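J.: Listed below are the residues making up each chain.
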Amino acid sequence: MNIHADLIACHECDLLHQIVALDSGSQANCIRCGAKLYKEIRNSLDRTLSLTVTGLILFLLANFYPLLTFEMQGRSQQNNLISGVLEFFSSGFWGLGILVFLVSIIFPLIYLLGMAYVLVPLRMGHKPWKMISVFKVVDYLRPWAMIEVYMLGIIVAIVKLSDFATITPGIALFSFAGLFVVIAAANASLDPRIVWRSVDIDGEY
Amino acid sequence: MTTARENSLVGCHHCNLIVAVGPDDIGLAPKIMCPRCSSVLHQRKPNSIARSWALLIAAVILYIPANTIPIMTVTSFGEGSPDTIMSGVIHLLEADQIPIAALVFFASIVVPIFKIVMISMILISVQFKSGWRAKDRTLIYRLTEVVGRWSMIDIFMISILVGLVKLGNIATIEVGFGAVAFAAVVVLTMFSATYFDPRLIWDHAQSNELMED
Ligand SMILES: [Zn+2]
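Those protein sequence lines, which keep their order, are chains A and B. The working numbering numbers the first residue of the first sequence as 4 and each following residue consecutively. The working numbering numbers the first residue of the second sequence as 1300 and each following residue consecutively.
A portion of the hints provided could be inaccurate.
Unchecked claim - DEER-style ranges, computed between Cβ atoms:
1) B:E1305 - A:F92: 27 to 33 Å
2) B:G1379 - A:G37: 46 to 52 Å
3) A:I197 - B:D1395: 21 to 27 Å
4) B:E1305 - A:G95: 38 to 44 Å
5) B:G1467 - A:G95: 15 to 21 Å
6) A:A187 - B:P1364: 32 to 38 Å
7) B:G1467 - A:N32: 55 to 61 Å
8) A:L116 - B:V1416: 35 to 41 Å
9) B:R1432 - A:S29: 27 to 33 Å
Just so you know, the hints here were simulated from the structure itself, not pulled from any lab data. All figures in this text were calculated on a predicted structure; none of them were measured in a lab. The beta-carbon is built from N, C-alpha and C at its ideal position, and this holds for glycine as well.
Using the sequences plus the hints, can you model the full thing?
T.: Set out below in structure tokens:
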């Protein structure tokens, strides 16, 4: 099979472009439709890797500590990140429970673990087993790991309750807010080409 | 300026590698795989228009229960007050939480309608082989892909509330079926946007449009 390592096609309009070397921090866009083609990011591997490890630590804190404490009429109640999911299950809303569980806990976890699985060995100069399959999963899950949307959902919930109850944030809330920043930064600092470049294509490349 | 397809090339969806294929290679069995990442190569996403339509129509149907059936009911001292998507926004306005009300209005009301109308418009324009304002249609498509997930805010809010407010007869919150329909609308429109192939917009763009840019 014949490949052209010097070309890239815009994924939104199919226009062919010659790949050129960029200064770090600059981005190549499609000249016809303006879509992003690729970006040169300084220290992409190291930066993304440290953000991923930070993200995993914050993920653990966010899941094992209390998220919010709710006080009303002298009685109080605490919740964790998973509480809502369990409540959906116990009231028979299986579909909603599974959906929220996946997009707020499972997909962000797979995303972080998958990134670490690919980037740690690459940093040490070798390729992990099934690297490409894992990286494709990570890439596919990106829009479905909804940490930042969930963060806004928490804020809306706090505002709704603050009218008639006292809400105290827990450690998990701050960890979750940190996770939101870290995942956004990891997305922005990852140059997927560092993964693809590590793959040889049968001597033709 | 030429496209990959016009040169009998195809760009891999996942790793962007450009692979030379014969003009008739794509769509014929056996499938051609990317030599770098083993994804199946397609000139255009298969059946994308039919799939986008199917998911979008399902979303339009569910949009009605999503907005008319309560998404949750707050029960306090024996008195239940059901909330729909819209009444939730109104309650936030009444409580003078203007920025939060605006956020929820945007994410839960504006974004779903915007997505349904814009994806329909793009699909129809592609089916009529229109070359009209291809760049603007691509921009709108990109926007629908980016904003789609933000509609989940209301679902996550309910998830926090039902897990937190469990004080027996003082206050409890129950989920309503409107929330199920609403979550389905968000997921279906997200998949509808993902299945659509924006390169179809440009396949019919006239060559004079190419000259303008
Ligand atoms: Zn383009």
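J.: For a quick check of understanding: which of the numbered hints are violated here, in increasing order?
T.: 1, 3, 4
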